[in-house]
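Visitor: Residues 1 to 498 (our numbering) are what the sequence shown spells out, left to right.
Calculated directly from the structure, the hints in this document are not laboratory data. A portion of the hints provided could be inaccurate.
Straight-line C-alpha distance at most 20 Å; calculated PhoX-like pairs for lysine-lysine [as the list claims (entries may be wrong)]:
#: 1; residue 1: K393; residue 2: K348
#: 2; residue 1: K392; residue 2: K458
#: 3; residue 1: K367; residue 2: K398
#: 4; residue 1: K398; residue 2: K348
#: 5; residue 1: K367; residue 2: K392
#: 6; residue 1: K398; residue 2: K341
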Amino acid sequence: MKIKKVFFFAILFLLSLSLCGCSEFRNTFSGFLGNVEKTGKNSHEFTSPDEEWQMPVSVNHENPSDEIYFFSSNENVATVSETGVIKPVSNGTAVITAAYLDGSDLISVRVSVSFSDNSSEEVSESLTKEDLRGVWVSTVWNIDFPSESGLSEEQLKDEIDEIMTNAASWGLNAVFFQVRPMSDSVYPSSIFPSSSFITGEQGGELPFDILEYTVAAAHENGLELHAWINPFRISFSSLYSTNSESLAETNPARLHPEYTVEFENALYYNPGLPEVREMVVSEVEEIINNYDVDGIHFDDYFYPSGSSEEGAFDDSDAYEKYGGGLSLSDWRRENVNSLIKEVHNVVKETSSDVVFGVSPGGIWATKQNNDEGVEGLGNTSQTYYDVYADTKKWVEDKIVDYICPQIYWHIDSSIAPFEPIAEWWSDLCDRCDVALYVGIAAYKGESSSAYQTPDEIKNEISYLQTLSRCDGEVYFSYSSLEENLAQVVDTLKEIYSD
């Protein structure tokens, strides 16, 4: 009987190791008899070393044959007693689990420890709060806001108010609001013209300062407001095309056509030009100096997808001038690295309260193409090779405060299953101590059979809560939540309710 018990104990240990994705896994096991069910919230933050928290479970002793154990994924961060009392040890994140000896009925909560007197490097306030629960609000093509171009001041304010009220009611605490969709702006900028998605015509008069009002509305509803920028995109093939004269007269792409590259009947800024990167940095500085934003946010557009084809993206002149002996691929990656580093520096120099992060495509590289990539994936997009975004380096060099990979594949995907991708990011961010938010594809509730059931997103979030590092989720996008595709809002309210 003792041998059998040790065998079951070993199985539970291996199961826990797999679930938590920890490179170094230290467990504290404490046993008692009974049944267990979850009764409270999914996470807790410790801010004092003297604080204790009872794991939110109730124990039913009607079935005394089942042994239940509490254990911690990281005893250096938090320990748990045989009765489920959790105590903080040092700054970090840990997963506390209650389970039967055979590994069934796993119930996990995530705890974070943030002692204010810790001597480690200062972290911006918005990253030491409760886990982030965000939503992207797209202005490009009027996906989320405004409902159409040319609305009045009153109509625009009503829509902004509704967005913020809804986001708060759904249990979210952050909004990523797109302020520059395509070499334009939704606020009065000295660099870029007003967006046609607001005014109806690029360069038209803005009815009021939309960003100022949006920041205030977010904060009034207890939400963070992150200014979302697309750094290099100028036009789509169906809007403005490659004709720079169709842009507003004040558009930098029209004033400086030498900054641009034509690609697949669209225009992009050339990341290889120092002047282009300086322009992006200046915009970031403009936003931080004039608005009380909580963060600066980039999405997944860097070099356009498909630009890796030989001769497809003609930046040969810039490469000849600035290549410095690097291969074309390495030079392009270094251009994007430079932008990320320069933006991070100006954010920190301008305001210690503002965070900077990026939401790239979900896969840095696959194991079959790079020894350090994600294992078990098929032929799929990889930011390192396809758009020259070395997202792993950004985390390792800590030139982002957080990374938010868009893991837009479902759990049972045969090409890129959700779980190993999320675990890869969790291990990286845990090792480097950089916050990890995961982008969730709420929009697929309309088109993908896997996402048309509430279980998919629910299972994704449940899995994220077992990882050694995951600091929150961001959903694309607001309109998908507003339509409650696949009952996603019901799922969020259930998961995020305390």
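Visitor: All the hints need checking, so say for each whether the structure fits it.
Guide: Evaluation of the provided hints:
1. For the proposed pair K393 and K348, the alpha carbon gap of about 19 Å is at most 20 Å, so the pair holds.
2. For the suggested pair K392 and K458, the alpha carbons sit about 27 Å apart, so the restraint of at most 20 Å is broken.
3. Restraint check for K367 and K398: not satisfied, since their Cα atoms lie roughly 23 Å apart, outside the 20 Å limit.
4. Between K398 and K348 the alpha-carbon distance is near 12 Å, which keeps this suggested pair within the 20 Å criterion.
5. A threshold of 20 Å between alpha carbons decides the hint, and for K367 with K392 the separation of about 14 Å falls inside it, so the pair holds.
6. The straight-line distance between the Cα atoms of K398 and K341 is roughly 9 Å, inside the 20 Å bound, and the hint therefore holds.
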